Amino acid sequence: MAQVIEWVNPGEDEIIWRYPNEVIKWGAQLIVHEYEVAVFMRDGKIYDVLGPGRHTLTTQNLPLLYRLVGGSNSPFKATVIFVSMKQFQGRYGGETQTRELAPVKYYGVYWFKVADPVLFITEVVGGQSLYDTADVTKFIRAYFNEGMMKHLSAYSIVDLFQNLDMVSTQVKVKLMEDFRRLGLELVDVKIEGVNTTDEWRQRLFWIMQTGNAQAVMQMDTAKQVAAELGKSEGAAIGTGMVVMPQLLQQPAQPAQPAQPYAGGGVPPAGYQQPAQQAGQEICPYCGKPIPAGARFCPYCGHEIKRCPNGHVVPEGAKFCPVCGAKIE
Amino acid sequence: MGKETSIVEKLELVIPGFHGYKKKELIREDDRLVRGKVADTLALARREMERALQRCAMVSCAQLVAIDNLRKKLMALESRVRHAEAGYRGYFDRVKFKEEELNRLLEYDAKMIELAEEILNEVKALNGQIANPQALGMAVLNLDDKLVNFEEVLGKRMSFAAGE
Ligand SMILES: [Zn+2]
Ligand SMILES: [Zn+2]
Chain A
1 MAQVIEWVNP GEDEIIWRYP NEVIKWGAQL IVHEYEVAVF MRDGKIYDVL
51 GPGRHTLTTQ NLPLLYRLVG GSNSPFKATV IFVSMKQFQG RYGGETQTRE
101 LAPVKYYGVY WFKVADPVLF ITEVVGGQSL YDTADVTKFI RAYFNEGMMK
151 HLSAYSIVDL FQNLDMVSTQ VKVKLMEDFR RLGLELVDVK IEGVNTTDEW
201 RQRLFWIMQT GNAQAVMQMD TAKQVAAELG KSEGAAIGTG MVVMPQLLQQ
251 PAQPAQPAQP YAGGGVPPAG YQQPAQQAGQ EICPYCGKPI PAGARFCPYC
301 GHEIKRCPNG HVVPEGAKFC PVCGAKIE
Chain B
1 MGKETSIVEK LELVIPGFHG YKKKELIRED DRLVRGKVAD TLALARREME
51 RALQRCAMVS CAQLVAIDNL RKKLMALESR VRHAEAGYRG YFDRVKFKEE
101 ELNRLLEYDA KMIELAEEIL NEVKALNGQI ANPQALGMAV LNLDDKLVNF
151 EEVLGKRMSF AAGE
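Protein sequences, first through last, are from chains A and B.
Each step along the first sequence adds one to the number in the UniProt record's numbering, with nothing skipped, and position 13 is 13.
Each step along the second sequence adds one to the number in the UniProt record's numbering, with nothing skipped, and position 81 is 81.
Derived by calculation from the structure, the hints in this document are not laboratory data.
Nothing here was measured: the structure is a model prediction, and the numbers come from that model.
Don't be surprised by glycine CBs; every beta carbon is placed ideally from N, CA and C.
One or more of the hints may lead you astray.
[To be verified] Derived pair list, reagent style DSS-like, types lysine-lysine, alpha-carbon separation capped at 30 Å:
no., chain 1, residue 1, chain 2, residue 2
1, A, K150, B, K156
2, B, K73, A, K174
3, A, K174, B, K72
4, A, K138, A, K174
5, B, K73, A, K113
6, A, K86, B, K72
7, B, K24, A, K288
8, A, K174, B, K124
9, B, K72, A, K138
10, B, K98, B, K10
11, A, K190, B, K124
12, B, K22, B, K124
13, A, K150, B, K72
[What the hints assert, rightly or not] To give an idea of the interface, some chain B residues facing chain A are shown, with a C-beta separation under 7 Å as derived from the structure:
no., residue
14, L53
15, Q54
16, A57
17, L64
18, V65
19, D68
[What the hints assert, rightly or not] Here are the computed distance ranges between Cβ atoms for each label pair:
no., chain 1, residue 1, chain 2, residue 2, range
20, B, R32, A, K190, 29 to 39 Å
21, A, N21, B, N149, 49 to 59 Å
22, B, D145, A, V109, 26 to 36 Å
23, A, K77, B, H19, 16 to 26 Å
24, A, E12, B, R51, 31 to 41 Å
25, A, V109, B, K98, 41 to 51 Å
26, A, A294, B, Q134, 38 to 48 Å
27, A, A292, B, N149, 39 to 49 Å
28, B, R51, A, D135, 27 to 37 Å
29, A, G27, B, L26, 24 to 34 Å
30, A, Q29, B, H19, 27 to 37 Å
31, B, K98, A, R54, 28 to 38 Å
Chain A on its own, in the form it takes in the complex (with noise of 0.2 Å):
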């Protein structure tokens, strides 16, 4: 009976699959389905590649191995690695830290499939000598996490906060450029969330209350930004303050709406964006908007703590950055 080469049944997540016979005879039948490739290897050496389709295997189809055997038609040695040419999912998530050294978790998927089968092998699999799809799957999620802490961390946290699909567009488009290199395509990139701790989260409310980062970035804890702001009317924080003392002078009135960020690349850092829009409260802990009078927010499930005339404080605030009320 003739041999038979053949992945049968590939799994939904599996890249690669090593063929466990090592011995290959002339006229063995390898068959190849559809998104599929065959990748006839020796010695961590790529030979010849075959495509979809169901092939006897001859000296006028496998040329290079043929040569390298010396020309004899005895049977010869030499790994099949079938590659799966579909597309993959994957989810990451892990932890860098912005431009400002704030600590970020995120997480997210990613799709991604293999472009470029020769390479892909040369680059993954007899590169990294990983034979197995388990391996080869955590290799390759572990290189887009090292890519992803490294791109996000050249952004600010406001960047990240304000401005997630600019941000996450950009890093994409980085990521790709790193799979190529692999001899993958990274199809696309979902950044499905991400979180800092409570004291730069309250930090970030504080930029985005008085639109100036550099200011805020310049006290050592969001405790001494809260108790700064709040100590008299326009005292606070030094000549970049703009905004707050005129929002102190307007009790009760919401935040001035402000005009968004116009630009459409990510702004740079320290740049002043007082975020509110008209009727529009911002979640002091993940910095998502929410629906005006909220008591507790839709996004991070955080209850949100108010000043004696409705505005939105942040933990540890002693003021009301709004309307300078005292907070019990």
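Here the structure of chain A is known, so what remains is to put chain B with the ligands in place on it, guided by the hints.
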């Protein structure tokens, strides 16, 4: 020389090996050749699109997300064209086409190829306008139009081929 003949000739010129659905045992093969040609053109456009995206990300251009959305649309179209054979029934199972059916199919094919080329050119134009916000906005809109247009023709061609 009839109109049909010139369409076949044009197709034969851009698609090596194309038989114009004249040999019944090669009808599916002809279909595969046409779709392969169109998908390859769209793949070129996608690669060009990725370059545009990279340049756009580098200069933080305002259309980044819009361009990425077009890229995804383009990718979806490419794989729809390339892997359409699954479940094909109808006309491609016929022994022979009636003349007016054949002409319609050829017209769809020619239109798909033409539109794929236009998409490729539009993407190239877009790539050339990354640093020019005004023109880039227009290029994005133009490309979107072309993609919508292509999708329409593809849809019609597919349901025609399925015998609907
Ligand atoms: Zn929240
Ligand atoms: Zn208040």
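>> Holds or violated: the 31 to 41 Å window for the beta-carbon distance between A/E12 and B/R51?
In response: Check passed, 32 Å falls within 31 to 41 Å.
> Measuring from beta carbon to beta carbon, are A/N21 and B/N149 in 49 to 59 Å?
Replying inline: holds (52 Å)
> Against chain A, is B/Q54 within 7 Å by beta-carbon distance?
Replying inline: holds (6 Å)
>> Would the hint on B/V65 be counted as holding, given a Cβ-Cβ threshold of 7 Å to chain A?
In response: Holds. Min distance 5 Å.
> When the nearest CB of chain A is found for B/D68, is that gap smaller than 7 Å?
Replying inline: holds (5 Å)
> Does the Cβ distance between A/V109 and B/K98 fall inside 41 to 51 Å?
Replying inline: holds (48 Å)
> Is 38 to 48 Å right for how far apart the beta carbons of A/A294 and B/Q134 are?
Replying inline: Cβ of A/A294 to Cβ of B/Q134: about 40 Å, so the range 38 to 48 Å holds.
>> Holds or violated: the 16 to 26 Å window for the beta-carbon distance between A/K77 and B/H19?
In response: For A/K77 and B/H19 the Cβ distance comes to about 43 Å; the hint is violated.
>> A closest beta-carbon separation below 7 Å is what the hint needs, so does B/A57 meet it against chain A?
In response: holds (4 Å)
> Is it true that the CA of B/K98 sits at most 30 Å from the CA of B/K10?
Replying inline: holds (21 Å)
>> Between the beta carbons of B/R51 and A/D135, is the distance compatible with 27 to 37 Å?
In response: Holds, since B/R51 and A/D135 (Cβ atoms, about 33 Å apart) stay within the stated range.
> Is the straight-line distance between the alpha-carbon of A/K190 and that of B/K124 30 Å or less?
Replying inline: With Cα atoms ~27 Å apart, A/K190 and B/K124 stay inside 30 Å; holds.
In this structure, the earlier hints numbered 1, 7, 12, 23 are contradicted, and the remaining ones agree with it.
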